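Next come the chains, spelled out residue by residue.
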Amino acid sequence: MALNKNILLFNNSMYGKIALGLGIVCSGIYMTSENPANGGTWQGYTLGTLGALIIVWLTLLGIRKRSYRSSLGTVQGWTSAHVYLGLVLLLIGTLHCGYQFGWNIHTLAYVLMVIVIVSGMYGLWLYLMLPSAMESNRKNLSRENMLRQFDSFNQEAVIIAADLPIEIQNAVGSAIKHTTLGGGTLAQIRAKDSSRVSLDATAPLNLVDNRDQKALLSYIAHELPKPKHSVEQHEKLQALLDVLSQRKTLLNSLRLDMHWQTLLHVWLVVHIPFSIALLGVLTAHIISVFFYW
Amino acid sequence: MSKYHIVIIGSGPAGLSAAARAAYHDQQAGRTEPSYVLLEGFSRISKTIDEYQKGKHVMAEPGFIDLRSDLNFEINTRERILDEWNRGVQESKVNIRYNAEVVGVEGSQGDFTINLKNGEKISAEFVVLGIGLQGNPRKLGVAGEDLSDVAYTLSDPDEFKEQTIVVIGAGDAAIENALALARNNKVYIVNRRSEFSRAKEGNLNAVLAAINNKRLDFSCIYDAGVSEVREYTQDGCKLQIDLKTPDGLKTISCHRVIGRLGAIAPRDFVEKCGITFPSDKPDAIPVLSSKYESNVPGLYIIGALAGYPLIKQAMNQGYDVIEFILGNNIRPVDHELLAARFALLPYHRDVEEVIELLQQQIPMFRQMNALLLRELLNESDLHVSFPKAEMAEAQRSLDQLVRNDTRGRLRPSIAVMEGDFLFRNEDYSNTFFTILEGEVDIRVKNKEGKYLTFTLGPGQFFGEMSLISGRPRNGDAIAKKDCILLETPRRTMLKLVNSNDEIRLGIDWVFITRALQGFFAPRGNVFDIRQIAHATKLNRYVKGDYLYKEGERGDKLFLIRSGTVNLQKNIGGVPISLSQAKTAQVIGEMALLGSPLRHESAIAVSQVETIELSQDALNALFAQDEVGRTKVEEAAAQRLLTNTDVQTYNQRNNRVSFLMDQGLGEATNALVIDTKLCVGCDNCEVACAETHGGISRLNRKAGVGFADLQVPVACRHCEIPHCMKDCPANAIHRAPSGEVFIDDSCIGCGNCESNCVYDVIHMAYPQREKNSVWSWMFLGLGSRPGEKPVDKKKQASEAQGKKAVKCDSCKDLSGGPACVRSCPTGAAKRISPDQFIDILKVQ
Numbered sequence: 001m002a003l004n005k006n007i008l009l010f011n012n013s014m015y016g017k018i019a020l021g022l023g024i025v026c027s028g029i030y031m032t033s034e035n036p037a038n039g040g041t042w043q044g045y046t047l048g049t050l051g052a053l054i055i056v057w058l059t060l061l062g063i064r065k066r067s068y069r070s071s072l073g074t075v076q077g078w079t080s081a082h083v084y085l086g087l088v089l090l091l092i093g094t095l096h097c098g099y100q101f102g103w104n105i106h107t108l109a110y111v112l113m114v115i116v117i118v119s120g121m122y123g124l125w126l127y128l129m130l131p132s133a134m135e136s137n138r139k140n141l142s143r144e145n146m147l148r149q150f151d152s153f154n155q156e157a158v159i160i161a162a163d164l165p166i167e168i169q170n171a172v173g174s175a176i177k178h179t180t181l182g183g184g185t186l187a188q189i190r191a192k193d194s195s196r197v198s199l200d201a202t203a204p205l206n207l208v209d210n211r212d213q214k215a216l217l218s219y220i221a222h223e224l225p226k227p228k229h230s231v232e233q234h235e236k237l238q239a240l241l242d243v244l245s246q247r248k249t250l251l252n253s254l255r256l257d258m259h260w261q262t263l264l265h266v267w268l269v270v271h272i273p274f275s276i277a278l279l280g281v282l283t284a285h286i287i288s289v290f291f292y293w
Numbered sequence: 001m002s003k004y005h006i007v008i009i010g011s012g013p014a015g016l017s018a019a020a021r022a023a024y025h026d027q028q029a030g031r032t033e034p035s036y037v038l039l040e041g042f043s044r045i046s047k048t049i050d051e052y053q054k055g056k057h058v059m060a061e062p063g064f065i066d067l068r069s070d071l072n073f074e075i076n077t078r079e080r081i082l083d084e085w086n087r088g089v090q091e092s093k094v095n096i097r098y099n100a101e102v103v104g105v106e107g108s109q110g111d112f113t114i115n116l117k118n119g120e121k122i123s124a125e126f127v128v129l130g131i132g133l134q135g136n137p138r139k140l141g142v143a144g145e146d147l148s149d150v151a152y153t154l155s156d157p158d159e160f161k162e163q164t165i166v167v168i169g170a171g172d173a174a175i176e177n178a179l180a181l182a183r184n185n186k187v188y189i190v191n192r193r194s195e196f197s198r199a200k201e202g203n204l205n206a207v208l209a210a211i212n213n214k215r216l217d218f219s220c221i222y223d224a225g226v227s228e229v230r231e232y233t234q235d236g237c238k239l240q241i242d243l244k245t246p247d248g249l250k251t252i253s254c255h256r257v258i259g260r261l262g263a264i265a266p267r268d269f270v271e272k273c274g275i276t277f278p279s280d281k282p283d284a285i286p287v288l289s290s291k292y293e294s295n296v297p298g299l300y301i302i303g304a305l306a307g308y309p310l311i312k313q314a315m316n317q318g319y320d321v322i323e324f325i326l327g328n329n330i331r332p333v334d335h336e337l338l339a340a341r342f343a344l345l346p347y348h349r350d351v352e353e354v355i356e357l358l359q360q361q362i363p364m365f366r367q368m369n370a371l372l373l374r375e376l377l378n379e380s381d382l383h384v385s386f387p388k389a390e391m392a393e394a395q396r397s398l399d400q401l402v403r404n405d406t407r408g409r410l411r412p413s414i415a416v417m418e419g420d421f422l423f424r425n426e427d428y429s430n431t432f433f434t435i436l437e438g439e440v441d442i443r444v445k446n447k448e449g450k451y452l453t454f455t456l457g458p459g460q461f462f463g464e465m466s467l468i469s470g471r472p473r474n475g476d477a478i479a480k481k482d483c484i485l486l487e488t489p490r491r492t493m494l495k496l497v498n499s500n501d502e503i504r505l506g507i508d509w510v511f512i513t514r515a516l517q518g519f520f521a522p523r524g525n526v527f528d529i530r531q532i533a534h535a536t537k538l539n540r541y542v543k544g545d546y547l548y549k550e551g552e553r554g555d556k557l558f559l560i561r562s563g564t565v566n567l568q569k570n571i572g573g574v575p576i577s578l579s580q581a582k583t584a585q586v587i588g589e590m591a592l593l594g595s596p597l598r599h600e601s602a603i604a605v606s607q608v609e610t611i612e613l614s615q616d617a618l619n620a621l622f623a624q625d626e627v628g629r630t631k632v633e634e635a636a637a638q639r640l641l642t643n644t645d646v647q648t649y650n651q652r653n654n655r656v657s658f659l660m661d662q663g664l665g666e667a668t669n670a671l672v673i674d675t676k677l678c679v680g681c682d683n684c685e686v687a688c689a690e691t692h693g694g695i696s697r698l699n700r701k702a703g704v705g706f707a708d709l710q711v712p713v714a715c716r717h718c719e720i721p722h723c724m725k726d727c728p729a730n731a732i733h734r735a736p737s738g739e740v741f742i743d744d745s746c747i748g749c750g751n752c753e754s755n756c757v758y759d760v761i762h763m764a765y766p767q768r769e770k771n772s773v774w775s776w777m778f779l780g781l782g783s784r785p786g787e788k789p790v791d792k793k794k795q796a797s798e799a800q801g802k803k804a805v806k807c808d809s810c811k812d813l814s815g816g817p818a819c820v821r822s823c824p825t826g827a828a829k830r831i832s833p834d835q836f837i838d839i840l841k842v843q
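From first to last, the protein sequence lines stand for chains A and B.
The opening position of the first sequence corresponds to residue 1 in this note's numbering, with each subsequent residue numbered one higher.
The opening position of the second sequence corresponds to residue 1 in this note's numbering, with each subsequent residue numbered one higher.
Hints are computed from structural coordinates only; laboratory data are not their basis.
Keep in mind the model is a prediction, meaning the values are calculated, not measured.
A hint or two may mislead.
To give an idea of the interface, some chain A residues facing chain B are shown, with a C-beta separation under 7 Å as derived from the structure [unchecked claim]: (1) N4; (2) Q76; (3) T79; (4) Y127; (5) P131; (6) S132; (7) E135; (8) N137; (9) N140; (10) L264.
For each residue, glycine too, the CB sits at the ideal point set by N, CA and C.
Same shape as in the complex, but just chain A (with noise of 0.2 Å):
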């Protein structure tokens, strides 16, 4: 048993070996064609049917992914096997068409398979790549502990900012009101800071940019060589810049996390519908070729 070794590396790639031969084999079959390469020869009827019963295979994952006390394989070799067979299917469908497109069902089948294939691509990287990348974003903090440590930080900068004058209250008050994270999918994924702080007391509506936090913090760090407040009062606005930056740290994470873990989650929505299309079209095209027969 060994650490950090993800679905490629699962058991030596020995899937990755098994597609990687499927594909030489396919290649070989094309190879052999003599007439135009066509889906109507014996070597696209072969490639065909090979290619729709790996799609077929592909789409019970999901069936797989759900049947909890089955004992066929993991569900880690499964997605191991997905991922090297979805990735040689790409060949085996091009092979399969020979490399002829046109207005109709074939090709949309043919279509529908890249996107399923391309956005499988896209969350493999995903699968990849995220992790690790949350993992130190978030310091082995859960998401539920980040939300309740910015909840601290709003209440300790709002107790500290009571000590100081009427303007800093408001301003920390209103940046802490305005200040925006999360949202709906779309927002999560876009992950942009729309928060906005008033500055001006006299103006509580008066919202200017407070992207990153910056225009409050900008606001405390010119306050604080002001000789107007007393040493306390100095101690306190450097206290308060410390919370705020450590919050603005924290937000920042907050935001990437959400706008990873959403990734995660949204390649799947175009992934499996587009799938179930392909499964319909494929049905369709199989269908339909036997007219030409």
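For chain A, the structure is supplied; the task is to place chain B on it using the hints.
Below, chain B without anything else, positioned relative to chain A:
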């Protein structure tokens, strides 16, 4: 001088029941003058029970035995039971004399003289002594035991209000007193051990419920002993008590200390009657025949003084003893149970004779009186081996027995085939086997893959390693021809060991001898090794204790008997875990191999017991078998090599220390998440819920992380599972393959939930069966895969109450744990401690 056929002394449950039986026989014979008299020193019956605390619930243990008496007795309050007995005494016109305190008994059968305190003398042919142990409580045995606020009885707990009271003891009396006092006071109960193994089932449940009850000011101090009690007049308190606990000395200021440590026989009086005791130990019990007759012919002893303090048993003895005296050879009430237990024995003898025979043959049984032995036999399984050809016949006769048992109470003996395994190497079972007859082969595989076979014979026992260490079996046990074995459950055995020092010491000695032989001198002479075993020392440590520290000079090595020890070294000011040593491994050996300076610290990461060896003992063992030296040197070299490896792997971070901190030192099989692979899909939790009635037994997100590892909140199947202690329904078991699981007999008491230090057991309503993913997809049943639209059975399942649920490592799924198998990226892993080193190899 009045003259009787039988004089019964003491009107406790035993004496009363005897008198009621004698009254019955008088009535049957139509006598007008009673042939017996019941003498009671007090003005009411059953002084001990009369002095029980007000409203006390009196138990009717042991449940598997029927009551046989002319008086009624069932579980009830003290008052109701005494009322019932008084009514019975009047109804059957029992000839009882109150305020007749006996000061001496002289003579023997046919010619006894009983001297009363008022000078009166009574003559009798037979005497039945049922005086119990009352009035002779065992004291604390430390300074301050006789202070005025240190008491040894408690009659009315309501006398005390808003006080701090320390109750010492873990028996039934201590528990009952403590619980009653807790209604109005702050109560500590001090338990010498880590479990309440001596208590009756009902009390066990109640005390554990009270400890868990947040509204009661009631706490238990485990593994603690009293070292001193002194007067103390500050803070409104009267006393201060010092307790030795695993965390060091603990001092409690209190108003009152109540010691409930049992009672000792009123030995002076009994010895004056001519009765002899087998030893000078204060809790020794007079030697009695199976008919309760003492060494003085005609003088019978029953009840607590005979070594059996339970009321039902005492009443049965009262009935039986009168029948015996009248020459009616009736059978004890558990006769039928034992007869079934002995069904396959080849002796063709009566139950009593078999028990007598066993007691003569088996050294361990000689330490017990006949009644304790009967209890042991009742609670254990009896295995009898047969050749293959006779198995069918044996099984047929057993089936016949079970068919004829209309009440379904009999548990007959078990037939095993000659050559069958009683247990196999690596099985996680913890019963204790005693060989009554025949032989058993213990087969241990050595490093070269060769089997070493030891043959054990009658009177010897085995299985003590797993009983004590909680580790899987070390070797196979194979039944040989015509062998008869007693298999005793862990809980019964612990009760016996805890209540009988001789048996405990005997088992410990054999354990040490076998451990030494197994490790150091497989071919050594058992008798010599026994002597060496005598020179070793048994040490106990609690979590966090140091066995030794880095930089110290040492002159001892330790063979671990139970628990896990973490070896760590300071590297650049950071403690780095080097390795872990477990049961049957040796640590500290370098000190005896010429390098006395300890190069690492050894810290207990769970409760640990070790056998400590000096240089002399080690040399003596080396002299027995040259293999020993090679083995120790090899072990030392291996550890040094591992340590150098670990130091390279471990410099950047210290994952193993993290795992130890998370308690994985005592784990046998723990779930960890590789956070470099985890995509947070939670399929592990869903898989767990789907395979376990809708309730996930693991919580991934709540787990603690370090570097690229996360330990989810999930069961680790501890070596000595905390949840298993104090399960009143005995519903928690360990499968032979190691999984700790809860079966359907769970009563939902919640003990395991609070005993688990890793928070992995929950109380939940049983869930109904779910639909499959296919019926969701094609028939549209449920809103999610496996979900039913309307939960019709919900109310029914809630009516059953909550039950404890925990991870069973999917022991019933052929593919293994669902959480691991359903992880799409391979981030979820189950690891055992031997795999920690593999984890470190990740750069």
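Inset, instruction - Hints the structure violates: just list their numbers, smallest first. - result: 8
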